[in-house]
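**Q** The lines below spell out each chain.
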Amino acid sequence: MSDIILKLENISKSFGDTHVLKGIDLEVSKGEFVTLLGSSGCGKTTTLRIIAGLETADSGKVYLNGTDVTNLEPNKRNVNTVFQNYALFPHLNIFDNIAYSLKLKKVDKAERKRIVSDALALVQLEGYEKRTPGELSGGQRQRIAIARAIVNQPDVLLLDEPLGALDLSLRRQMQLELKKLQKQLGITFIYITHDQEEALNMSDRIAVMRNGNFEQIAHPNDIYNNPRTSYVASFVGSANVLSGVVEKVKDGVAKVVTAYGVCFVNCGKYTVNTDQKVNFAVRGENILINKSDSETGLSAVISDVNFVGNMLRTTLKLSDGNEVVATKHGITSEYSVGQEVKFTFEPSSAVFVDME
Amino acid sequence: MKNKNSSKMSLAMLAPIYIFTIAFVALPIIYMFVLSFLKQAESWGVVYEFTFKNYLDILEPIYLTTFIESFKLAVLTTLLVIIIGYPFGYFMAKLSAKWRGRMMLLLMVPFWTNSLIRLYGWIIIFRANGPLDKILMFLGITQEPLKLLYTYPAVVVGMVYALVPFMILAVYSSVEKMDWSLVEASRDLGASAFEAFRTVTLPLTLPGLLSGIILTFVPSMGLFFIADILGGNKVVLVGNVIQEQLMKAHNWPFAAALAVILMLMTSILIYTYRKITKVNELEGIL
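Sequences listed follow chains A and B, in order.
When we follow this note's numbering, the leftmost residue of the first sequence carries the number 1, and every step to the right adds one.
When we follow this note's numbering, the leftmost residue of the second sequence carries the number 1, and every step to the right adds one.
Only chain A is shown next, with the shape it has when bound in the complex (with noise of 0.2 Å):
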């Protein structure tokens, strides 16, 4: 982690009562592609705006490069933003939108024209300067937009949900074109999303928050499989968290007792004791539900079966009320509504969650 470009240090924000956020903390190295990934209304927005300097943090620093740039207004910052609605302007034209920082920065007309070239045959779309905004589809705009934002070549590019409002098979595109994108110049992207699909296709790193605080910033993979809190582990592919306590630990292993049955849950990095309450998060396609009159598993009720994608989703009822979702491939179920069943899990497959 060397060459640190951004830097917020204890950053907060309310708005009138609400504190949208509470002290963050957040280093960026250069180059990275860092994900900021939440519900709406965690305060990734908020976050991006103070980076921009569109908003001022009530407390905290921002260091970009190594600057305080903490009271800069938006326009002596070297950041550039890709707005969620692309924000071009709508009486101008192509040209001059994706111009509007260079002639604010008096480039000759010559550097002009040639860096607008150069900008839109690196988003594709060569030969659209005389279109207006108008005129393009929303795959198009948000090109646009993305032309506009790097011509400046700024030290961070923010992106606020920029894919937001495209269709499925062109996100997908975009994903891709984006990531090729942020190699190919080496600009630091930070970039927003809600979309946890998106956020472990493209980052380096992810960080997920959650009512103004980050829950964990960590690599797409550790964020997978090493969910730091509940709340990760259900956000970020959808896992299911269950508690209970512990009854021994063997081997890195523990034995959990649950309100639903016996079950074994590895330690990994975590040191466990006896009669400690714990919340563990385990995927659903590493659950395998047996007949109810297996020897060892968790008791549950089938309440529901359908098939989604190319994955067999089982919802099985615990007997607090609470659901588990169970997938596998294929799309034959054995079990049916309303039937007992028992489920398992590998303990490797298991984690403890919320341990700090």
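Mixed in with the good hints, there may be bad ones.
Within a straight-line C-alpha distance of at most 30 Å, the following computed DSS-like cross-link-like pairs (lysine-lysine) qualify [unchecked claim]:
| id | chain 1 | residue 1 | chain 2 | residue 2 |
| --- | --- | --- | --- | --- |
| 1 | B | 248 | A | 103 |
| 2 | A | 103 | B | 278 |
| 3 | A | 7 | A | 109 |
| 4 | A | 130 | B | 177 |
| 5 | B | 275 | A | 130 |
| 6 | B | 94 | A | 76 |
| 7 | A | 103 | B | 134 |
| 8 | A | 113 | B | 275 |
| 9 | A | 109 | B | 275 |
| 10 | A | 113 | B | 94 |
| 11 | B | 177 | B | 278 |
| 12 | B | 278 | A | 109 |
| 13 | A | 109 | A | 76 |
| 14 | A | 183 | A | 109 |
| 15 | A | 130 | B | 278 |
| 16 | A | 76 | B | 275 |
| 17 | A | 103 | B | 234 |
Worth flagging that the hints you see were computed from the coordinates, not collected in a lab.
Given the coordinates of chain A, assemble chain B onto it according to the supplied hints.
**A** Coordinates of chain B only, in the frame set by chain A:
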């Protein structure tokens, strides 16, 4: 079949509007246009004889000067209305919904009050030793009464006062429609607050500003009663001449010719507005 029926239906629905427009807008204009090419009768009414005389008369120095003076006053009025009205409408649109409603009420109440009554209010304020003089002298800004009533500045104040609400409403309605994320985008791309205003806010609210200019400029050529009441007989506008020719000299054809010229100027302005903004409706008209 269905289409034919519905088009018949819509024609039937629209007919009253067409009839009304033809009867009360188109016919009077045509009548006035025809009138402007006729001769004044010696005693009363017109003689049905074609002539260009009325238009040639306008070119006589006394009337031409009136046109030029009216034009100057209209330009001055419009400039002052822009200076007061644009910022007013702009900041009003940026108020919270609650305060916007209150400001709108404050703006509309005098707007709905009879304009003659409001003008008599100005007479009281302007007259020698009136409230304005008293305040200015009390503050030591002036030593003796300004005698503002029946002067050019009094007419200008009256004009601006009467017309500024049109500008405010026109600007307000276009600023209210502004997408402020565009201003943020411009700031983000390196524009200072002023540059953002000049390159984004101003061009995007131009339709409001231009329609405010038309709504100010056009009436200020013809608001004869303001010139009459606040200017005495010292300020004569095209509107005053028309009124005089119609009511006192009974020269209807000449009055009609003057009105046609005013209408032509208005049409040119609106045509230019449409060319510039590519919008067909004037912004903010009630």
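**Q** Would you pick out the hints that fail for this structure and give their numbers low to high?
**A** Failing hints, ascending: 1, 3, 7, 10, 16, 17.
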